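Visitor: So you can see what is in the structure, the chains are spelled out below.
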Amino acid sequence: MAEVNAPTLLALAEDAEVGRAGLKVVANPPPLDPADEEWADDTPLYEARRKIYPQRVHGTYRRIKWAVLFVTLGIYYLTPFLRWDRGPNAPGQAVLIDLPNRRFYFFFIEIWPQEIYYLTGLLIIAAMTLFLMNALAGRVWCGYLCPQTVWTDLFQTIERWCEGDRREHLRRDREGWTLERVGRAGAKHFLWLMVAWWTGGAWVLYFADAPTLVRDLATFHAPIIAYVWIGILTVTTYALAGFMREQVCLYMCPWPRIQAALTDEHALNVTYRYDRGEPRGSLKKSTALRAQALPSGDCIECLQCVHVCPTGVDIRQGPNLGCIQCGLCIDACDAVMEKIGRPTRLIAYDTDLGIKDRQEGQPTVYRFVRMRTALYAAIIVLVGGMMTFTLATRDAQGVSVIHDRNPVFVRLSDGALRNGYTVRIANKRPERREFTLSLSGLSGSLLDVVQTRDDGRFVVEVGPDQTREVRVLVTEYTDFLPASTPVTFHLYDARSGERASASDYFRAPEGG
Amino acid sequence: MADKTHVDAVTGTATTGHVWDGIRELNTPLPRWWLWLFYITIVWAVGYWIVYPAWPLVTAFTTGTFGWASRSAVVTDLNELKTLRAPMTTKLAATALADIKSDQALADFAYAQGRSAFRENCGPCHGAGGGGAKGYPNLNDNDWLWGGTLEQIRQTIEFGVRSGHAKAHESQMPAFGRDGMLKSDEIVTVANYVRAIANLATRRGTDLAAGKKLYADNCAVCHGAEGKGNKELGAPDLTDGIWLFGSDEASIIEVITNSRGGVMPAWAGRLDPETIKALAYYVHTLGGGEK
Numbered sequence: 001m002a003e004v005n006a007p008t009l010l011a012l013a014e015d016a017e018v019g020r021a022g023l024k025v026v027a028n029p030p031p032l033d034p035a036d037e038e039w040a041d042d043t044p045l046y047e048a049r050r051k052i053y054p055q056r057v058h059g060t061y062r063r064i065k066w067a068v069l070f071v072t073l074g075i076y077y078l079t080p081f082l083r084w085d086r087g088p089n090a091p092g093q094a095v096l097i098d099l100p101n102r103r104f105y106f107f108f109i110e111i112w113p114q115e116i117y118y119l120t121g122l123l124i125i126a127a128m129t130l131f132l133m134n135a136l137a138g139r140v141w142c143g144y145l146c147p148q149t150v151w152t153d154l155f156q157t158i159e160r161w162c163e164g165d166r167r168e169h170l171r172r173d174r175e176g177w178t179l180e181r182v183g184r185a186g187a188k189h190f191l192w193l194m195v196a197w198w199t200g201g202a203w204v205l206y207f208a209d210a211p212t213l214v215r216d217l218a219t220f221h222a223p224i225i226a227y228v229w230i231g232i233l234t235v236t237t238y239a240l241a242g243f244m245r246e247q248v249c250l251y252m253c254p255w256p257r258i259q260a261a262l263t264d265e266h267a268l269n270v271t272y273r274y275d276r277g278e279p280r281g282s283l284k285k286s287t288a289l290r291a292q293a294l295p296s297g298d299c300i301e302c303l304q305c306v307h308v309c310p311t312g313v314d315i316r317q318g319p320n321l322g323c324i325q326c327g328l329c330i331d332a333c334d335a336v337m338e339k340i341g342r343p344t345r346l347i348a349y350d351t352d353l354g355i356k357d358r359q360e361g362q363p364t365v366y367r368f369v370r371m372r373t374a375l376y377a378a379i380i381v382l383v384g385g386m387m388t389f390t391l392a393t394r395d396a397q398g399v400s401v402i403h404d405r406n407p408v409f410v411r412l413s414d415g416a417l418r419n420g421y422t423v424r425i426a427n428k429r430p431e432r433r434e435f436t437l438s439l440s441g442l443s444g445s446l447l448d449v450v451q452t453r454d455d456g457r458f459v460v461e462v463g464p465d466q467t468r469e470v471r472v473l474v475t476e477y478t479d480f481l482p483a484s485t486p487v488t489f490h491l492y493d494a495r496s497g498e499r500a501s502a503s504d505y506f507r508a509p510e511g512g
Numbered sequence: 001m002a003d004k005t006h007v008d009a010v011t012g013t014a015t016t017g018h019v020w021d022g023i024r025e026l027n028t029p030l031p032r033w034w035l036w037l038f039y040i041t042i043v044w045a046v047g048y049w050i051v052y053p054a055w056p057l058v059t060a061f062t063t064g065t066f067g068w069a070s071r072s073a074v075v076t077d078l079n080e081l082k083t084l085r086a087p088m089t090t091k092l093a094a095t096a097l098a099d100i101k102s103d104q105a106l107a108d109f110a111y112a113q114g115r116s117a118f119r120e121n122c123g124p125c126h127g128a129g130g131g132g133a134k135g136y137p138n139l140n141d142n143d144w145l146w147g148g149t150l151e152q153i154r155q156t157i158e159f160g161v162r163s164g165h166a167k168a169h170e171s172q173m174p175a176f177g178r179d180g181m182l183k184s185d186e187i188v189t190v191a192n193y194v195r196a197i198a199n200l201a202t203r204r205g206t207d208l209a210a211g212k213k214l215y216a217d218n219c220a221v222c223h224g225a226e227g228k229g230n231k232e233l234g235a236p237d238l239t240d241g242i243w244l245f246g247s248d249e250a251s252i253i254e255v256i257t258n259s260r261g262g263v264m265p266a267w268a269g270r271l272d273p274e275t276i277k278a279l280a281y282y283v284h285t286l287g288g289g290e291k
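Residue numbers (the numbering used here), protein chains in the order written: chain W, 1 to 512; chain S, 1 to 291.
Incorrect hints may have been included.
List time: in silico EDC-like cross-link candidates among lysine to aspartate or glutamate, alpha-carbon distance up to 16 Å [claimed, not checked]:
id: 1; chain 1: S; residue 1: K228; chain 2: W; residue 2: E168
id: 2; chain 1: S; residue 1: K291; chain 2: S; residue 2: E151
id: 3; chain 1: W; residue 1: K51; chain 2: W; residue 2: E168
id: 4; chain 1: S; residue 1: K183; chain 2: S; residue 2: E254
id: 5; chain 1: S; residue 1: K91; chain 2: S; residue 2: D272
id: 6; chain 1: S; residue 1: K291; chain 2: W; residue 2: D448
To spell it out: a stretch of chain S is covered by chain W in this simulated footprint if at least three of its residues, at any positions, have a beta carbon under 8 Å from a beta carbon of chain W; those stretches are [unchecked claim]:
id: 7; stretch: 24–34
id: 8; stretch: 44–58
id: 9; stretch: 276–287
Quick caveat, the hints were computed from the structure, so don't treat them as lab data.
Small disclaimer: the values here were computed from a predicted structure and weren't measured.
Glycine included, C-beta positions come from ideal geometry on N, C-alpha and C.
The shape of chain W in the complex, shown without the other chains:
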């Protein structure tokens, strides 16, 4: 028997299920023995991972998980092979992260490094979607969509193919290393490594032309960095999905901690309906109790919910850090309830408020539209809308100007003043274009673009999907200029009629 000797804990302890933990609450604790300090050293500070043998399960949520697994993995493995015709000067891959050329291609969208703020938008949308899912139905991300969950699920399925379902696997592990077990374990690790290898292989295909890279990889002509990344991702996939599994969720992932702080009493969670389940007892006992019209819960302590759990938690202990809310315990419990002729959904998506309502005999009300869900949705719509708008209206050309710093201005032999600028012109079309550069804001000024042909027209050619930097000199003959005069550089594509402009200043010495 354990003792609890902090009196302040008493009030808390009354609320908790003290009896279950087998505790004896001591109202007046005896004075502490200094020798007590020593036995603390015996308590281990590290604990070995408890191996989990999740049992196979059938049902609604398992089917949802299968569907999500096939769709997400299908997207991941096959996307690099999708083609998208962008013309002769651009890659033909639908989704491509072109690191050497600093471009990201996503179907009809092409993102330049200076447009990286779209990534900020995407991250805001991703975070808000995560928060919204959490406010509606708890850890939907963890249970169904998280790569860690998806690959672990796949690896556990392979494990069951090779080494049998829970009981069989447990029995084999108990029997020690027989030849058969070695063969089965070998097959499992081989299949795991194959999946891990494909995972790493698919990853690198996002960074180069997929069909070409596949051929190069097969003939050992691919760049060494491709093999290195395949190796890294093979190892991480193999280790994380094969061995680390729930340890990632328990010790490494920040989301369970954040999630616990973000959830509220209205969020649906995979919940053991203790109002229906308690007092629990064996089927025999509960049947007997029910026959005498005595209170008896629906939970028959079959432990099916625990056996199918991929993270090894007991959902009946309430909300739990280890619970990824995949819903597999719902399927397992439903199967049992059907067998013993009790209503299903003893474990179900529910809220604590819902249970309290039922205990008080009131109808359960689920509130999906709340201030927080409305705000999350509004932010998603707002940011998404802004991104769509800027994407749809962005220019295919751009100009930016940097004023010379040394010298800020130059006095020429004839007394004229000159300012130098570095002008960068961006052509975001996959074809060569000619831009005319002009200046406004100064009267009587002379523009000179140093790198253009000496034909008096300041035409700058910019290659397909490129930027070009030119040096621009502006000479002003007017006397008594203010120290700073705003000027605007104009870019004009004569063929398409498109324009862009950038503002800067023409500097002169103080006092003219």
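With chain W fixed as given, assemble chain S onto it according to the hints.
Guide: Frame of chain W, contents of chain S only:
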């Protein structure tokens, strides 16, 4: 012992046995693999010491079995860069200075390489953007001591000014005052005459006619009868409002008394011919380049 283990009533978790004023610490053990990771980092560190330079010794350091050194790594990187640039460098070497501009890709390459080389080698005296300083010419304006065509700029960079190189620009202004060629009142007069031809105010009572005579006798041979200078000799134009050492009377008197003669090192031998070519192109584009 087991019966003495304290278990927290609320969480059902064992405590570590540590007690502070009745407050106990829950024992939620770390996973063992975490501990192993810690040991692996220690092993990794030891391995790192063995293969990479790590420990300082009295006069040297442990070099590591991989033989890696930051200095040789830089050399490797620079050689890779050279290989990468090789096609454009070859093209730059084969193209005449005047023709660089007509090839856009080559012009952009020469400009970029020239800018980078300028900041590293020329910037300390001429300023990062070639803005110059007192005694160091501004390369953005259109006033050139030794000429501002592409070829003249290249020549100046390659051989320098009074650098000691056999082909360097050479000339020496006499120290009129120090060597007793002009008396101090004559120097004041000719200095004011120089200010007069540069459209600057002169000291009241200056005999400009005497100044003109003194100028014609002593200065005109290099600076020209009208003070327009001579690029063959690096003699500055005295009329254009651009002054390397200042245009006030005192500065001009000082120059006439003690003479001036800036020095620029020869870059031939320090920089390869292609870099000098790129530098000439870049300096020419700064704004003052002559046709």
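Visitor: For every hint, state whether the structure bears it out.
Guide: Verification of the hints:
1. K228/S - E168/W: 104 Å, violated
2. K291/S - E151/S: 10 Å, holds
3. K51/W - E168/W: 15 Å, holds
4. K183/S - E254/S: The given pair, whose Cα atoms are some 13 Å apart, holds under the 16 Å limit.
5. K91/S - D272/S: 14 Å, holds
6. K291/S - D448/W: 14 Å, holds
7. 24–34: holds (count 8)
8. 44–58: violated (count 0)
9. 276–287: holds (count 3)
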